[in-house]
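**Student:** Read off the chains here:
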Amino acid sequence: MGKVRILIAKPGLDGHDRGAKVVARSLRDAGFEVIYTGLRQTPEAIVNTAIQEDVDAIGISILSGAHNTVFPAITGLLKEKGASDIVVFGGGVIPDEDIPFLLESGVAIIFTPGTSTEDVIKFVNEKITAKIH
Amino acid sequence: MSLADRAIAGEVRAAARLMRIADDRTGDYIQEMVKIWAHTGHARIIGITGAPGSGKSTLTDALITHYRSLGKSVGVAAVDPSSPFSGGAILGDRIRMATHANDEGVFIRSVATRGHLGGLSVSAMDIAAIFDAMGKDIIIIETVGVGQDEVDISSLADTCIVVVMPGAGDDIQAIKAGILEVADIFVVNKADRDGADRTARDLKTMLELGAKRVWMPPVVKTIALKKSGIEELAEGIALHSNYSDNEDKHFARLYHAALGLLKDRLVNSCFTPDRFRELLKTQGDPYSVTIKWLKNHGLEA
Ligand SMILES: Nc1nc2c(ncn2[C@@H]2O[C@H](COP(=O)(O)OP(=O)(O)O)[C@@H](O)[C@H]2O)c(=O)[nH]1
Ligand SMILES: [Mg+2]
Chain A
1 MGKVRILIAK
11 PGLDGHDRGA
21 KVVARSLRDA
31 GFEVIYTGLR
41 QTPEAIVNTA
51 IQEDVDAIGI
61 SILSGAHNTV
71 FPAITGLLKE
81 KGASDIVVFG
91 GGVIPDEDIP
101 FLLESGVAII
111 FTPGTSTEDV
121 IKFVNEKITA
131 KIH
Chain B
1 MSLADRAIAG
11 EVRAAARLMR
21 IADDRTGDYI
31 QEMVKIWAHT
41 GHARIIGITG
51 APGSGKSTLT
61 DALITHYRSL
71 GKSVGVAAVD
81 PSSPFSGGAI
91 LGDRIRMATH
101 ANDEGVFIRS
111 VATRGHLGGL
121 SVSAMDIAAI
131 FDAMGKDIII
141 IETVGVGQDE
151 VDISSLADTC
161 IVVVMPGAGD
171 DIQAIKAGIL
181 EVADIFVVNK
191 ADRDGADRTA
201 RDLKTMLELG
211 AKRVWMPPVV
221 KTIALKKSGI
231 EELAEGIALH
241 SNYSDNEDKH
251 FARLYHAALG
261 LLKDRLVNSC
271 FTPDRFRELL
281 KTQGDPYSVT
291 IKWLKNHGLE
301 A
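One line per chain: the protein sequences are A and B, in this order. Read in order, the letters of the first sequence are residues 1 to 133 in the working numbering. Read in order, the letters of the second sequence are residues 1 to 301 in the working numbering.
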């Protein structure tokens with residue numbers, strides 16, 4: 001059977017990627033293949049990578065406050081390249097009042113601080129595993 | 001148009017999807033791969049192996065830059081291990097190759113071993129074949145690099161590069177234990193660190209003491225992080241192509257792919273653990289079960 005593949009990216013200029021790594025590890029432990037691209041990826045690079053890797057989903061971790069530009073840029077590029085079937089989800093430091101706009105721009109879900117990794121796994125299983133199996 | 005046709009025409013999305021079904025062994029991958037294999041045999045396939053952390057991915061990044069500066073298109077299959085517990089994987093080789101993410105002449109694919117031993121995945125040759133059929137000039141395969149079990153890549157790549165680090169006594173042990181025969185080219189990476197000259201010298205001595213060969217593997221010192229020594233490495237790769245039996249290597253790739261398909265059809269589809277357990281109930285021992293099963297399929301045991 002097919003394996004779920006997920007790209008975990010950490011765009012923006014701010015420092016660490018601890019949160020992204022924790023999510024990556026728990027997704028691996030749940031049996032998914034995680035492509036990890038490291039820090040400071042541009043939306044273009046993230047989308048090109050997602051397409052080359054044929055991932056089912058892109059998980060974006062953002063701490064820098066650039067979420068209102070980064071997320072729409074990614075969903076926009078996916079659309080442009082005919083790859084809107086790739087699910088985009090996000091986490092990090094994102095104020096509640098910005099979430100409706102992000103969902104409107106095509107992001108499937110935003111995990112706010114305090115979300116457990118189990119919730120992320122549950123989301124992937126419901127939204128993606130069910131679809132490809 | 002089929003995925004294979006679109007991949008052969010150069011379409012990245014179709015090629016990426018085809019790699020996916022070849023890796024998953026789902027969908028119409030067999031029919032698609034039949035088309036792909038008919039378009040292979042043009043690319044130059046370079047294998048890179050060596051212990052984790054020795055700098056394989058960074059070296060791959062530097063080689064990509066080199067070949068791109070010559071106008072050659074590049075495909076990379078970077079293999080990392082799957083977790084034996086969950087079956088999941090973290091594939092992180094791309095981190096070192098991030099500068100090529102927006103270059104249309106570079107296609108990088110992260111691959112998990114999914115239980116295959118020997119440093120590659122079952123699908124590795126299929127993925128290389130898809131790159132080849134897409135028209136990539138150079139294909140680089142970065143193996144897991146678990147240490148001593150890297151024979152797969154040496155028979156499958158046109159040129160096999162073994163990366164070692166300065167002063168790593170363990171590495172030299174591994175070399176003694178048989179990796180000496182695996183390498184077409186040795187790279188002593190991290191030459192910015194102490195002991196690189198000595199490690200290179202030790203390697204050369206060992207090679208000279210070994211069996212006489214038509215092709216004597218050169219030992220190249222690199223600082224992959226600074227892209228230093230890469231010209232010399234590329235020269236070695238180019239030179240080696242005159243000595244390598246590329247037809248032999250291509251044959252080995254076809255055989256690897258064929259075995260992958262056989263295993264999928266035979267083991268994963270017919271001779272599954274569940275089926276085996278059932279047969280075991282009536283036949284008692286593994287040999288009787290297998291012989292009977294083979295006979296039922298018209299095969300001599
Ligand atoms: N000092 C030094 N570090 C290097 C060099 N090449 C790679 N590294 C570092 O070695 C680490 C492992 O490199 P990587 O390419 O991921 O190794 P791999 O596991 O063999 O693929 C990284 O932190 C690299 O930055 C080098 O030439 N000199
Ligand atoms: Mg690596």
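If you're looking for bench data, these hints aren't it; they were derived computationally from the structure. Note that CB positions come from ideal geometry on N, CA and C, so glycine has one too. Hints should not be assumed to be uniformly reliable.
[As the list claims (entries may be wrong)] Here are some, though not all, of the chain B residues that point toward chain A, as calculated from beta-carbon distances under 8 Å:
no., residue
1, G10
2, R13
3, L91
4, I108
[Said to hold, decoys possible] If you want the footprint, here are the derived chain A segments under chain B, 3+ residues with CB under 8 Å:
no., region
5, 16–27
6, 33–39
7, 86–100
**Student:** Check whether three or more residues of the region 86–100 of chain A sit with their beta carbon closer than 8 Å to a beta carbon of chain B.
**Tutor:** violated (count 0)
**Student:** Closer than 8 Å between Cβ atoms is the bar; does I108(B) clear it against chain A? Give me holds or violated.
**Tutor:** 6 Å, holds
**Student:** Establish whether the coverage given for the region 33–39 of chain A by chain B is satisfied; the threshold is a Cβ-Cβ distance below 8 Å, and no fewer than three residues must meet it.
**Tutor:** holds (count 6)
**Student:** Let's test the interface hint: is any C-beta of chain A closer than 8 Å to that of G10(B)?
**Tutor:** Violated, because the Cβ-Cβ distance from G10(B) to chain A comes to roughly 13 Å (cut-off 8 Å).
**Student:** Establish whether the coverage given for the region 16–27 of chain A by chain B is satisfied; the threshold is a Cβ-Cβ distance below 8 Å, and no fewer than three residues must meet it.
**Tutor:** holds (count 3)
**Student:** Given L91(B) as an interface hint, is its Cβ closer than 8 Å to any Cβ of chain A?
**Tutor:** Holds, because the Cβ-Cβ distance from L91(B) to chain A comes to roughly 5 Å (cut-off 8 Å).
**Student:** Against chain A, run the beta carbon of R13(B) and see if the smallest gap drops under 8 Å.
**Tutor:** Nearest chain A Cβ about 6 Å off; hint holds.
Checked against the numbered hints above, the structure breaks hints 1 and 7 and satisfies the rest.
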